[in-house]
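K.L.:
Per this note's numbering, numbering through the sequence shown is continuous, rising by one, with the last residue being 221.
Some hints here could point you the wrong way.
Said to hold, decoys possible - Beta-carbon label-pair distances, calculated as ranges:
#	residue 1	residue 2	range
1	HIS187	ASP19	43 to 53 Å
2	ARG98	PRO64	46 to 56 Å
3	LEU103	GLU135	42 to 52 Å
4	ARG30	GLY206	24 to 34 Å
5	ALA133	LEU219	25 to 35 Å
6	SER16	LEU103	33 to 43 Å
7	PRO64	VAL178	36 to 46 Å
8	LEU103	VAL178	42 to 52 Å
9	LEU219	ARG98	38 to 48 Å
10	GLU15	LEU103	44 to 54 Å
Claimed, not checked - In silico DSSO-like links for lysine-lysine, alpha-carbon gap of 30 Å or less:
#	residue 1	residue 2
11	LYS121	LYS100
12	LYS100	LYS137
13	LYS122	LYS137
Hints were generated in silico from the structure; no laboratory data involved.
The structure presented is a predicted model; accordingly, all values stated were derived computationally and were not measured.
Glycine is no exception: its CB is placed at the ideal position from the N, C-alpha and C atoms.
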Amino acid sequence: MLSPPSSLAALLEEESAADRAFCYQRERWREWTGHLDQNALVLDDLPAELDRTDAARLVRDLLPGDVTGAFTVAMMWGHGPSGHGPFRTARILTGSKRPKEELVRVDVRRRLRESADIALKKGAVAARLFLNAREGKVDRFGPAFITVWISLITARGEARSQFAAPVLDPRISRWLAVHAISVRGDHPDDYARYVEMVAGWATSSGLAPVEVEERILRLAR
C-alpha cells in the first residue's frame, strides 16, 4: 500500500477537527426546490446551520421514502453557503433548464433511489459505477457531487462511521496528483483506487476514511 505523504502523515496523528457548520440561503432553496415533492416540509424542518453530522443523519432518515429530500440535503451540504446550489440541484432533479416550471423527473428519482440502494447493499464503488453507466446516469450530476451523495448515504447516519466513503472533489484530486497519485474524479476506476487508498490510510491510523479525507482537504485549501 502507498504510504501517506509526510505532510498528511503528520496530520493523521492529530485529533479530528470539529464539524464546520455553515449558514445556507434557505429562501433560495425554497425558491428553486421547495415545489419538488415534499421539499417544502424538509426545508422548513432543517436547522439554521448545517454540518456533515446533520446532513448524514437527515439523509439516513429521509431515505428510502423521500429520495428528493435526501438528495436536496446532500446537495445543500456539498455546495455549502454557495448561492449556486439551489438552481443546480433543481436542474438535476427536473432535468430542465427552467426548473421552476417542472417537477422531479420520474427516471431521475428512480435512478437516485437505486443508487442509494446499491450504495448501502454493495458499497460506494458499485454505486459510483451505476451512476456512471447509461442506466444510472443523471444529467448535470457531476462526479464530485456524486461522491458527496454516496458519502452521506454510506455514512448510515453517522458522518464519521467506518462505512462512510470519502468525498473526492477537484481540490483533493489536485493535491493527490502532486503528493501521491493521480485520481481523476470523472473516472470510476480512479475513484475505486482512491477509496481503497484512503481506507488503508484510515485503518493504519485508527481513523475513519472521511477523517482522512478531511485532513487531505485541509492541506489542499
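K.L.:
Please go over all the hints and tell whether each is borne out by the structure.
P.N.:
Now for the hints, and whether the structure bears them out:
1. Judged by the Cβ atoms, the range 43 to 53 Å given for HIS187 and ASP19 is violated: they are separated by roughly 30 Å.
2. Restraint check, ARG98 to PRO64: a C-beta distance of roughly 29 Å breaks the suggested window 46 to 56 Å.
3. In this structure the hint that LEU103 and GLU135 lie 42 to 52 Å apart at CB is violated, the actual value being about 22 Å.
4. Taken as a hint, the range 24 to 34 Å is violated for the pair ARG30 and GLY206, whose Cβ atoms sit roughly 42 Å apart.
5. ALA133 and LEU219 have their C-beta atoms about 33 Å apart, which keeps the hinted 25 to 35 Å range intact.
6. A C-beta distance of roughly 41 Å is found between SER16 and LEU103, which places it inside the suggested range of 33 to 43 Å.
7. Under the hint 36 to 46 Å, the C-beta atoms of PRO64 and VAL178, about 40 Å apart, fit the expected range.
8. Taking 42 to 52 Å as the suggested C-beta distance range, the pair LEU103 and VAL178 conforms, at roughly 44 Å.
9. Roughly 40 Å separates the CB atoms of LEU219 and ARG98, a value that falls within the hinted 38 to 48 Å.
10. Checked against the given bound of 44 to 54 Å, the beta carbons of GLU15 and LEU103, roughly 46 Å apart, stay inside it.
11. Between LYS121 and LYS100, the direct Cα distance comes to roughly 34 Å. Violation of the 30 Å bound is thereby established for this hinted pair.
12. In summary, the hint linking LYS100 to LYS137 is supported, as the alpha carbons are separated by about 22 Å, within the 30 Å threshold.
13. Taken as a hint, the LYS122 and LYS137 pair is honoured in the structure, with Cα atoms around 18 Å apart against an allowance of 30 Å.
In this structure, the earlier hints numbered 1, 2, 3, 4 and 11 are contradicted, and the remaining ones agree with it.
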